[in-house]
Amino acid sequence: MPAERDAVITGIGLVSSLGEGGAAHLTALRADDFHPVIDTASFPPYPLHPLPPIEFDRQIPKRGDQRQMETWQRLGTYAAGLALDQAGVKGQPALLERMDMIVAAGGGERDPAADAAILTDLPGAADPESLLNRRLLSDLRPTLFLAQLSNLLAGNVSIVHGVVGGSRSFMGEEAAGADAVRVAVARIAAGQGELFLVGGAYAPTRPEVLLHYEMAGQLWKRPWAPIWARQDAGGGMVLGTVGCFLVIESRAHAAARGAAAMATIDRVVTDRCRRRPGDATAIAARQVAALEGHFDPAATAVISAASGAAAPTAEERAWLAGLGLPVRAAATALGHTIEPSFPAALALAALSVHAGRLFPPLEAGEAPMDGPLRQALVTGWGHWRGESLGLVTAA
Amino acid sequence: MAADTDSQGRPIVVVTGIGVITSLGQGVADNWGALAAGRSGLKRITRFPLDGLRTTVAGSIDFVPLEEFSTPALSEAIAAGAIEEAVAMAAVGSKGAFPGPLFLALPPVELEWPQRRALAAASGAEGAIGYPDLLRAAAGGGFVATYERFLFASVGETLAERFGTRGVPIEVSTACASGATAIQLGIEAIRRGETDVALAAGTDSSVNVEALIRFSLLSALSTRNDPPAAAARPFSKDRDGFVMAEGAGALVLESLAHARARGATILGVLEGCGEHADSFHRTRSSPDGKPIIACMNRAIADAGLAPGQIGYVNAHGTGTPENDKMEWQCLAAVFGAAAGALPVSSNKSMIGHTLSAAGAIEAVFTLLSLRNGLLPPTINYDIPDPALPIDCVPNVARPADVAHALSNSFGFGGQNVSLVLGREPA
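In the order they appear, the protein sequences are chains X and Z.
Numbers 84 to 478, taken from this note's numbering, label the letters of the first sequence in order.
Numbers 9 to 434, taken from this note's numbering, label the letters of the second sequence in order.
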């Protein structure tokens, strides 16, 4: 039953290796024989879903602003602009003044050449600590600090697009993205806000990003394979490039300003466990049981944000098999994108229910769905921690 | 008995436990004693060599033992200390089972030089070393603990596990406003009935060489190194920057109804919160001050108060020339002709700028100021700035009977948050 304080999506800004915008993504996903865009050349042996060609000027008109951002901030700011455009909020000071932003942020980009030069010189230095001080003083670029700072994606969205009602950045990998949406939906339901911009960005085509996950052996290093098929060969993550922002507002607020709702976010729940075998399954089972009666299994599919990391992905696959709904793994198409992985899966879910049908299987292990699609569950199990579940319904 | 809801019909949010660690010491009692005495916790840095550095002073915490130093490791240790004190004081839940969520402000996480050098050494590379060598070393195994330590979720997950908080901990970064944002998230969760109890904490331990140099390159830090205790000089005409500092603050937030029902001691009230982002510049505030003015006004309105009812301001007061000027101008705009008579002091004059933790630590200190009827001073106020005719409670703490106080936090990136705290439920 539609209610005034339902949270509806009125804008989706999605950029990935598949292109930009909702329509481009649906077109790519509906191709008869889906192939992702994979970069195998930049960082062998790691396949990556790269940044697509983007005219950043279209959303970030000042070159000076673009220069102040690392790629993830630039991509996020661009995607935020797309979402604001679609929702009809762009350039509307009265709305932007009270628009609340929740960003799921990582950050921490390095200057790899500077790091390498310092690491090269340290072992031979008479006084390595002194050398480190001197080299950092001369080699660090002051602008890089802000360009890689976690809360500065939000800062740049404020500067470039004028979103100033509120600004919060959540950190914490995948769960941060799910909680960003959860908190926005909860605040709308409680009347603690009417209009939100929620999302994040991730750009992994950098050696220091790969290094972090390689320390835990989490990366897939063979020729690209889709998520579920990858599990039969030991599993692993293929990281992807995504900027994804959603404009989420109360149904009443959208109606009052004549904005078209694409989908309703009925629920987002998040939880955590220590990931002993079966822990995550128990959480997911509780989460979906709480949604019993809120979705019609005959017209519902699952968009999974499974990372590809071996243990959680295998456990999620087994749980999803028991659920018996058609499943699509978003990371097969987009790559795994850490902070924005849940918002991006939610975006694909919203686009799909809005279109009224699910895109075809992305690999042999996914079942076709011929009937109409009205609702979608979105799963977000972090590669290390955090289990999230969302439900969206066609508006 | 007064109602359990505020003038807008929302659950009143009270504080039933506080904990704090700063360079002044561990625990509420030691910190308050030092603040009331106007003592500085700032000192010459000993954690790393100071060769070539223009700034050699910080408020580092060197009395907490760690197996291996890193920013997340120390952030976690001091957050745990502050939370333990707050939870024990609140006496809510049972050990290891805190009955609410955790909102945690903490600094962004990235691999640090000791770990990067360990990877370089493990690569066995001789001569030029690059990321391909580090990647090869990482693939060789032995670095899983480093990976976990430097995940953004690592500190929050460990604390959630230790204190048994409910659900996913929310780690928040709004730069120097982070601690206040964590409290704001807790207030909102209680007001919307999502929980009766919440834990809000802020922690920061960024005194490492690269972070110091980064702030130094932004010309944000004081270079008045000698004596260290005189480096942080908020509102003084000769202020020249902030002093990096470490610390953690924690607050147990609770609905008044819940606190009353269990007979908890109420330490104070979180009456209101407000925020407003700035779209002007990455490190500078709008020259017209509108975002900060709107932020303070929103917080005061959210508390159902008028500016004239605020009796004390715990300033952001970093001691940078620009911040203090801007903060005064905005206070003058919000409080009008009364601004000059309003006591406004900066804890940062004594503890330095605890960055992500500042909003939480200073909320704890603001509550103590209300509760103890004593306003901590702004020390090192030697040369009044004629451009800032502010009553900064110069140099000596001042007894004052204050019912409502404002605590300001303004971050790089334009993220501004103000909190209104009250002494007791209306």
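Source of the hints: derived by calculation from the structure; they are not laboratory data.
Idealized CB from N, CA, C, for every residue including glycine.
Mixed in with the good hints there might be a few duds.
Said to hold, decoys possible - Below, computed lysine-lysine pairings styled on DSBU-like, alpha-carbon distance capped at 30 Å:
no., chain 1, residue 1, chain 2, residue 2
1, Z, Lys245, Z, Lys51
2, X, Lys145, X, Lys173
3, Z, Lys333, Z, Lys245
4, Z, Lys298, X, Lys173
5, Z, Lys51, Z, Lys333
6, Z, Lys298, Z, Lys333
7, X, Lys145, Z, Lys51
8, Z, Lys103, X, Lys145
9, Z, Lys245, Z, Lys298
What the hints assert, rightly or not - Here are some chain Z residues pointing at chain X (derived, C-beta under 7 Å):
no., residue
10, Gly138
11, Phe160
12, Ala161
13, Ile391
14, Gly422
Tested hints:
1. Z:Lys245 with Z:Lys51: holds (22 Å)
2. X:Lys145 with X:Lys173: Status holds; Cα separation ~16 Å.
3. Z:Lys333 with Z:Lys245: With Cα atoms ~10 Å apart, Lys333 of chain Z and Lys245 of chain Z stay inside 30 Å; holds.
4. Z:Lys298 with X:Lys173: Judged against 30 Å, a Cα distance of about 21 Å means the pair holds.
5. Z:Lys51 with Z:Lys333: holds (26 Å)
6. Z:Lys298 with Z:Lys333: Judged against 30 Å, a Cα distance of about 14 Å means the pair holds.
7. X:Lys145 with Z:Lys51: violated (43 Å)
8. Z:Lys103 with X:Lys145: Roughly 54 Å between the alpha carbons, so the hint for Lys103 of chain Z and Lys145 of chain X is violated.
9. Z:Lys245 with Z:Lys298: Holds - the C-alpha atoms of Lys298 of chain Z and Lys245 of chain Z are around 24 Å apart, at most 30 Å.
10. Gly138: Holds. Min distance 4 Å.
11. Phe160: holds (4 Å)
12. Ala161: holds (4 Å)
13. Ile391: The hint is violated - Ile391 of chain Z has no Cβ within 7 Å of chain X, the shortest such distance being about 29 Å.
14. Gly422: With a minimum Cβ separation of about 5 Å from chain X (threshold 7 Å), the hint on Gly422 of chain Z holds.
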